[in-house]
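Colleague: Heads up: the sequence shown begins at -3 in my numbering, then just goes up one per residue.
These are computed hints drawn from the structure, not numbers from a lab.
Quick reminder that beta carbons are idealized off the backbone N, C-alpha and C, glycines included.
Possibly wrong hints are sitting among the right ones.
As the list claims (entries may be wrong) - Pair ranges (Cβ atoms, derived):
id : residue 1 : residue 2 : range
1  : Thr182    : Leu124    : 15 to 25 Å
2  : Leu178    : Ile3      : 28 to 38 Å
3  : Tyr113    : Gln180    : 30 to 40 Å
4  : Phe94     : Ile150    : 28 to 38 Å
5  : Gly22     : Tyr113    : 36 to 46 Å
6  : Lys127    : Leu73     : 27 to 37 Å
7  : Ala173    : Lys127    : 20 to 30 Å
8  : Val165    : Phe94     : 10 to 20 Å
9  : Ser153    : Lys21     : 40 to 50 Å
10 : Leu68     : Lys95     : 26 to 36 Å
11 : Pro(-1)   : Ile186    : 34 to 44 Å
12 : Thr129    : Thr67     : 22 to 32 Å
13 : Ser153    : Gln180    : 21 to 31 Å
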Amino acid sequence: MMPALIIISFIIGSIPTGLLIAKSKGIDLRKVGSGNIGATNVLRAVGKEAALFTLLGDIAKGAVPVAIAKTLALDTLDAGIVGLSAILGHNFSLFLKFKGGKGVSASIGVLLAFSPYVAIFTIVLWLLTAKWTRYSSLSALVSFGLLPLSIYMIDYSKEKMIIAAAITVLIYIRHAANIKRLIQGTESKIGQKV
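Start from the sequences, fold in the hints, and give me the full structure.
Modeller: Here it is, written out as structure tokens:
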């Protein structure tokens, strides 16, 4: 059951929500703005409503597989691995030749099902950083950079710490280009039109 659920989770994570929503508006998201398929680029290229639907869809891609794993009474580590598979599906989509998004919304979805209080704390950190800096990427780097500490303080177990550390590593890997642009001062801000 576990291998099948990991595969299903990866396929669910692979659904390119933002790309499909933007395409319905006649926009190829990969050719505008940052080229990313996530909610931030949808906001820049299409608008607020499309970005909201993208955000909710990407969150669901992370939350649903973990919720299924918990319903099937998988242990904490296995449920977390199922969640990581959904994030990897989002980041390296089957439908986009293993290219994809940054994994922020999918990771929030995983956390909402995996450790809800930590998810809320992570969201609050993201929002506060975004309000202060107007950088989506920096908000992700701060809120997920602190994720292992958040787990330690709010909902600690060894298994949850392993999953939290893995999510943090994935977020930083996918934001390598953003980190470079932040250092260079060329990163786009939230809501900045393309």
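Colleague: Each hint should be assessed against the structure and marked as holding or not.
Modeller: Status of each hint after checking the structure:
1. Between Thr182 and Leu124 the beta carbons are some 24 Å apart, a value that agrees with the proposed interval 15 to 25 Å.
2. For the hinted restraint 28 to 38 Å between Leu178 and Ile3, the CB-CB distance of approximately 35 Å keeps it satisfied.
3. Evaluation of the 30 to 40 Å hint for Tyr113 and Gln180 yields a pass: the beta carbon distance comes to about 36 Å.
4. Distance hint check for Phe94 and Ile150: the Cβ-Cβ separation is about 34 Å, which falls inside the suggested range of 28 to 38 Å.
5. A hinted range of 36 to 46 Å holds for the C-beta pair Gly22 and Tyr113, which are about 41 Å apart.
6. Between Lys127 and Leu73 the beta carbons are some 35 Å apart, a value that agrees with the proposed interval 27 to 37 Å.
7. Separation of Ala173 from Lys127 is about 24 Å and conforms to the stated range, judged on CB atoms against 20 to 30 Å.
8. For Val165 and Phe94, the Cβ-Cβ distance of about 18 Å falls inside the hinted range of 10 to 20 Å, so the restraint holds.
9. Between Ser153 and Lys21 the beta carbons are some 43 Å apart, a value that agrees with the proposed interval 40 to 50 Å.
10. Between Leu68 and Lys95 the C-beta distance comes to about 31 Å, which sits within the given range of 26 to 36 Å.
11. A hinted range of 34 to 44 Å holds for the C-beta pair Pro(-1) and Ile186, which are about 39 Å apart.
12. For the pair Thr129 and Thr67, the beta carbons lie near 38 Å from each other, so the given range of 22 to 32 Å is not met.
13. Separated by about 39 Å at the C-beta atoms, Ser153 and Gln180 break the suggested range of 21 to 31 Å.
Going through the hint list in order, the structure does not satisfy hints 12, 13.
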